[in-house]
Structures are given as C-alpha cells and as structure tokens.
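Q: Read off the chains here:
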Amino acid sequence: MPASRRARRLRWLVPVAVAAAISLLAFLPTLSSAATPDLPRITAEQLVAKVKQSNVQAFSGTFQLTSDLGIPNISSLQGAAQQGTGLNPVDFLSGTHTATIAVDGPDRQRVSMPGSLNEVDAFHDGSNAWLWQSDGHTVTHYILPADKPDANDASKPPEAPEPVRTPDDMAKKLLDQITPSTNVSVTTPDYVADKAVYELVLAPHSADSTIDHVGIAVDAHNGMPLEVTVVPKGQTKPAIDLGFTKIDYSKPGGSFSFTPPPGSTVTTKDLTKKGDHAGADAQKPEPINPAAGPLKMTHRVHGHHGEAMGPEMPMPTASGPESTKVVGDDWTQVIIASGVQLPVRGFGLREASTPVSGAWGSGRLLHTSLANVLFLSDGRIAAGFVNASALEAAVAHG
Amino acid sequence: MTTPALAIETSGLTKRFGDMAAVDGIDLAVPVGSVFGFLGPNGSGKTTTIRVLLGLINASEGSWQVLGRSMPDAARDVLPDVGALIEGPAFYPWLTGRQNLVRFDAAGPDAQRSTRRQRIDDALARVGLTAVANKKVRAYSFGMRQRLGLAMALLRPRQLLILDEPTNGMDPQGTREIRNLTKELAAEGATVFLSSHLLSEVEQICSHVAVMSLGKLLAQGTIAELQAAGGTKLRVETDDAALAAQILERLGLAELTVDGTTVLARLDGHRPEDCNRELVMAGVGVRSLSAIHPTLEDTFVALTGEGFDVAR
Amino acid sequence: MLLAELATLFRRLRVKVLLGVLAAIPAALALAVYLSGGPSSGRGPTFLDQVSHNGMFAALAGLTVAIPFFLPLVVAVVSGDAIAGEANLGTLRYLLTRPSGRTRLLATKAATVAVFCLAATVAVALGGLIAGVILFPIGKVVTLSGTTISLLEGIARTFAAAGIVAASLLGLASIGLFVSTLTDAPVGAMAATAGFAVLSAVLDNVPQTRAIHPWLFTHHWLAFGDLLRSPVRWTDIVADLRLQLGYIAVFATMAWARFSTKDVLA
Ligand SMILES: Nc1ncnc2c1ncn2[C@@H]1O[C@H](COP(=O)(O)OP(=O)(O)O)[C@@H](O)[C@H]1O
Ligand SMILES: [Mg+2]
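Protein chains in written order, with the working numbering: chain R, -7 to 390; chain G, 3 to 314; chain W, 732 to 997.
Quick caveat, the hints were computed from the structure, so don't treat them as lab data.
Do not rely on the hints blindly, as some may be mistaken.
Covered by chain W, per the in silico footprint, the following chain R stretches (three or more residues, Cβ under 8 angstroms) [said to hold, decoys possible]:
1) 6 to 15
2) 110 to 117
3) 124 to 135
Backbone N, C-alpha and C fix where the C-beta goes; we use that ideal spot for every residue, glycine too.
I would like the entire structure built from these sequences, with the hints used as guidance.
A: In structure tokens, the structure reads:
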C-alpha cells in the first residue's frame, strides 16, 4: 500500500510544522522590531542638549546589562567568585543581568537585582539607605547625613557596592567626556523599551583604543538616556549593553524603606558621625529582637559584613594601591597602580591570563575585547581601554 | 452488519523486512465458524501474518479484512470482537494476575466497567487460574502465564480468536486443556485461528488448515481436501513386481517405486479396481492391492519439502 | 484508561523507590543541618542556610538540590520507559490489540508521565516539609527580597514552586517519550534522555554557546525560586513555561508521528 505509506511519512510534517510555527512566533518580534520610528532628523549637538536639559524625576522600569568581554576562561573566574555574596563584580563580566528600578525624585529610590535563587535590593528613602543581600540574610543600614553634597549620587550610598549604573548616569558621564578626540554623530532612530529613541554615537579617533564606538540611545521625547552600548573594534555586537527593557515615566508606588526581616544580620553604618565612616570598629551587628517576631530566632553571630571576606575573597580592593598614576588622555588613558596585592591564585587569573614580557619587564596580560589589564611581576598593574601594545608602551614610559 | 462468510480474508498480503519477504503475497480465506490451523515450520511467517492482521505492523503490500471489515482502518470496530494471543503472553510482572487483566481490560474503551469483575472472574475460572489470581505474575510459571494470556483473550465474548502457538511451553495436561477449551469456544460459535508448528495439534482439533513455508501459503482448505491433494497411492504386493510396474506405467500411473515384492504408485484419479483388473489380465499374481490415503504429515512434508526444521 | 495506567505505574517497586528517594533528599539535608547543629555558613545550596531558622525551607532546599541532577534522572527513567518498557515486556502488543488506538495510548502515556513529574516534585516538597517540621521550628517565611510572608502563604508558594518545577521537567519528559518510541530497549531510552538533560545543562554553562542558552530546556530550571520574591517575579517563570510548551509541542508530535506509524515487533 504505497499510498498509506506516503500518508505515514506525511505525519512527520506535523512536528516540522509545529517547530516552524514556534520559531516563527519566537523570531517574529525581532523581525518586526526592525521598523524604525518616524522622527525628525536632529544634529548631535541638539541631541546632547536634549540630554542635558532632560529632567526626568520619577520613573520605574527594568534594565538589563549584557556583557560579553570575550575573556577566554571566564568560567574559572566565576567559579572562584561564586563563594562570595550575591554581589560579585566578576559576575557582571559576562552574561545578562536584569534589575528593576524605581525612582521618585532624588530622595526616594529602590533597585532590585534578582540573581539565580538570590537577590540584592537597595532602598533609599531620604535619610536612610538599606542594602539587603538574600545570601546570608545580611542587611546594611546606612544612616545618611541630612545635607547631601550631591543629590544625584544619593541613590548610591558611598560604600554600598553598586556595580550596575543606570543608563542616564553613565550617559551623562560619557557626554561630559566628549572632546576633540571623539567623532560624534547621530544614527537612524530606533526603539528601546518601546520608546522612540535617537542614538548618539561616540567614536574615538585614536587607533590605540579598543573601543570602536559607544552608542547612547536617548528617548526622543524627554531626553532620558535609555541605553548605552560599547562596541569594541573588530566586532559588531556590543561588549557591554546596558539599557532599559521596560520603562514607565509615571510616579512609582510602593515603599522605599526596608524592614530587616527576623533572623537577618544587620550592620548599621551611621554616616552622620565622622568616625563611623572609616572605622570598621563601629560596625556592630544588630540582632533582630526574637520577641519582636512570632519565631524564636537565634542571633547570627558569624558573617559580619566585611569580616567574612577572608584573604581569598576576590574583592578588587583586597589591599589598596600605594600609588596610582594616569598616563595618556581621553580614550587612551592607562591607569598604572603599584604595590597592589591581588590574590592571583584564588582569583582564577592564572587561567584567564597569558604571560607576556618585553623591554618593560614581564607579567601576565588579561585580555578582554574592551579592556586590557597587565599584571607586572614587580607588583604594578596597568589597565586601560587600549590594545596590548599601547598598554605595554604606557608601562614602559611610566 | 450481515455476517460475512469469511472471518479473515487476505489478498496478496506481503510483509518485507528489508529485502526478505517474511510474508510473501498470501491469500488466506478463513471461513466463519471454522477452527483454522495455520501450520508452518518456525520462521515461516505465521506470527508476522498475525501481527499484520491485527494492525501491529504495516503490510508492505496487499489488503486484508477481518470479520468482513477492511483493516487496519476498521480496527476500532473490529478489535473488540477479536481475542488474541500473539507470540506468547506478556504481562506486568509486578502486578497480580487479576490486576493485569484489569489493566488490559481498562485499556480499551469497549470494556464495560460494571461487568469487569464478573468477566475477569469467569475468564480466570475458565483457564483454571482462580487460585493464583492474586499472586504477582512474577511468580507464575510459563504455563500459568500462557493460561492468563488466554484468559485475557476471553475477557469478552469474541467472534474471532487468534491464537499464536497457544500450547507452546505447556505440559501435556495443559495442552489437552487448551485443546478442549478451543473446541468449547468453537462450539460456542467463535472462529478460532490457531497457528502452530505442531502438526498433531492441528490435526486433532482443526476443521481447516493452511500451510505456510518461507512466507508463502502452500495450500489451504478442509483437512479432507488437503489430504486428497496430497495424492492417494496404490500399493500392490505381487510375485512379479517388475511386470506389475510395467503394466501400471502403461496405465498412466506416476511415481512408480519398486521395493522387493511391493510396488507403489500415485493413483491420480485412477480407480484401484481398474488397476487390479488390468494386472490380473496381464497375468500378474496379485497378493494384495490397496489404496493408501496419506496422513496430513505426508502432505505437510510433501508441501514444505523439509518437514519441521527451521526454514531460515 | 488513565487510572489503570497510573495504577500500573505507581504499583511498580522501582517507581515507589524513586519517589521514596526523592522524599528522602530534603529529609537528609534537614537531618544533616540538624546534626551539624546550626546553619551552614551561608555556603552550600540556597535556602539551606535558612533551614535551621524555619524548617519549611527544607522543602525548597530539597527542590534546589534535586533539580540539577536527581529529578531529571528520575524523569528520564520514567519517560524513557513509557513506550520502550511496554515494548520490552511485550505488553505493548496487547495494549495495541485493544481497540483504543495508538494516539490515545500515547496521550495516556504522556499524561501519566506528567502526573509522575508532579508526584516527583511534590514528594521532594513533602519530604522536606515533614522533616523540617519535625526537626526545626517553623514560622513566618522570609522571602528572597527580605520581606516576610505568613507560614501558610510560604507553604502555598512552596507547593506552587513544586508545580513549576514539575512543569519545567515536562520538556525533558516529552523528549523522553519521543526517544521511548524509537527503541524497544528501555535502558537505552532512559540513558539517552538523561544524556539530553546533561547535554542541555552543560551547554547552558558554557559561555561560548550563550546564543542558544534561552532555548535550552534546562535554562530556567531555577526559575521556581522567583515565587519566593516579593513581588513574585514572573518573567522567567513565564519564559520557562513557554519554552517547555514549545518542547512539548515539538517532541510530543514527533513521538506521535513515530509511534502511530511504527511496526510493533516486540
Ligand atoms: N523484526 C524483524 N526483522 C527482520 N526479520 C524478522 C523480524 N521479525 C521476524 N522476522 C523474520 O520473518 C520470518 C518470519 O518470522 P515469524 O513470522 O516470526 O515466523 P513464525 O511465527 O512462523 O515462526 C523469519 O524468518 C524471521 O526471521
Ligand atoms: Mg511465531
């Protein structure tokens, strides 16, 4: 029965059709997003001005950091870093990280960074700031001085580790750096987080720079920077892409303060007193009163913030540099620090870096598609967004 | 539905595994109400035919009908009336005999739940397994499993029972019971299609026989028809065997063999009395003359050529 | 038919043992925490450090520990066995000579495997909950976001998480069902299915394959934890469910295309 055999073969068309339909559904949104918004053309100067005039006071949304620095052995770095807290700088070197943010003026902000089965939340209600880390249930409570020198920066308490920056922050900083070393242009409009945007493109002139261009997507209506992308030379995809995936300019609701849950370890840092700012002695873990909650909670004596950081912990500030100096300018700046003690082995750097040597000496080079970092055998560290030879040259001169 | 004359009918049914035709263009005709012996040495394609009949495997060519309905399209309507035992029984060893029957009964939408208990009890009693019904099948002997398999085929009244080598692995006592059971079922009006490589089994209980060899259907019909087809022989005891053979040859009898004082030849429609007259008139001293009807075994060997060896 | 199928599955010693071991995982975790006399120092699986404060977390810790390896293994065993196991026993030919049809039999098998996935994750949650209640105090539940919810809501969210984990396993289960229609050797089908789970997990951890990460059925396996945030974060859970639905659609239809036409020779 050849006919029925053909009918039997035809059944395989069903899964094929299903798979085709699914991929169509999955890729259709990306195809349709190729459409560009209909916006009047403006010059780079007009756009920069628009950003400078931007005055968005309240918004809430979700932003995403996607980084792909092309570090060869990043997993070893991650493995070494995994044992730390939920906030790990090395984590941000690869992959996609999402955070939600709510801002209501300079005094009220909250940021929530969900990780895999953990979460870091930061709250700021004007006179207090809290940092909650679900790993270890630790809370750092900052009591802020009444007079704030920089209102814009208040969302980040000075000592709270805050590696993710909001796009507007980063873009404004970058715009300030526009100098004759940079070619500034505006590309075709696009959509970011469903908003029509202009994209400002900053391209360094220097051949030594590893950066091809930096793109800043700006909301065409209110001038709020919504996305920053950094594209390295020789690549089309950005190595760093920080941008909103969702944004809402209405006043966010919800609380901007935080009540430490029972059982958590609270470290209070009173920034109104001068001494506390620097002294670790004043940090005292504050047990939550067991009687306050319905549970019998034991006070967790271990895991003081700061104390848990053993010598093997991969914190970049393991011990401060004796001296730093900056060589070069603008895009090709190289920072050279000497006397930095980095726990190289624990950091997994050995696997990620390659040995190099030259007239300037010898060391190990950590090469990423954006930054190059040179760990010299004499204890110096040089880093910059420049190619390896420019970095070696800077070391030789400096 | 008018009762069809044939319970199973195939035309040009072929199943190939790769290049080899396990079933090679067979035209079966199983009359309703018959006990049909499907005879053939191991590997001759009996089980393969049964699998195709029941829709377990796709035929390469040909068409077939079961209970008058075209298969496999009508499987849903036909299968409730067909009980089957295919290439030995198979059960879930971690379930009891009864639980196994419940599971298989519930696997079809045709089985009434309200009568399930009663039907299972009856089927178990019929195959003599009532005593061990609540034992795990893991603990059953092969013969017990074979009986449970039969019980499964008997969970509802069936118009057609397809039994593939049902006495395989059973003791003589069990074999006899199965034989009686088959006769009972046939007496109740079911058509029984029974495959076997054992001639004696088929000979004892079947009204019809089909003979398979190397995937081909060599012959089918009633037992009497098949025996006749094998050819009746003439046997002559005489003092002059050579002359007798000469005369018989002249009469047109074939396959003459002379062994001492005995002459054998195929009758092929000649009447023994005519032969006798001719021999006597020619002066041959006939001590005895008889027509020998072949056994089914002779027919079987004649047809398959190699008896009961595995063909391939 | 589904009931008979379920009864057949859950009466099997192998299945009972697997469920028992699944329930024992969080119980063993809780016991280890109990015997070591206090919270581990923030290391080890998430939620485990909370167990000594609130026994309820043993259930979540159990899910976290079981999802990378043991749950997929168990699901591979049961889904890989679904058709191949019947073929191996020979019972498949008897099921198919019942007038139910192959599509229906396959659908019943699929439903049974799905029920098993749920039973497996609920076994983990229950085992954890019972051990936690026996060994430790229980009370209000602190979410990952640092807020506090009532014990009842915490337990409800834990079982919802077990449901999400069960749903997360359905993609793998449908792969197992398809593989199971390809062979008469159940062990082979189980191993192949478990192999797919390992492959997916490995690819998900290799940065070079980042482009396909969102398409791997293991990618969102930890999304169930998002139920323990406040507000509950649905993005990954929804992405997970959509992805699993996609896998189910493709592999279930492949299983159907294969099973409804194949020669049953066992
Ligand atoms: N799955 C299969 N693949 C290839 N050949 C097979 C398969 N099943 C049966 N055969 C072959 O088909 C022939 C007929 O087998 P079968 O129908 O089981 O014979 P019988 O039941 O008469 O003993 C045998 O030669 C056997 O080797
Ligand atoms: Mg056979």
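Q: Count the residues of the stretch 6 to 15 of chain R whose Cβ falls closer than 8 angstroms to any Cβ of chain W, and tell me whether that reaches three.
A: holds (count 5)
Q: Examine the stretch 124 to 135 of chain R: at least three residues should have C-beta closer than 8 angstroms to a C-beta of chain W.
A: holds (count 6)
Q: Does the stretch 110 to 117 of chain R contain three or more residues whose Cβ lies closer than 8 angstroms to a Cβ of chain W?
A: holds (count 3)
Comparing the model with each numbered hint stated earlier shows that all of them hold.
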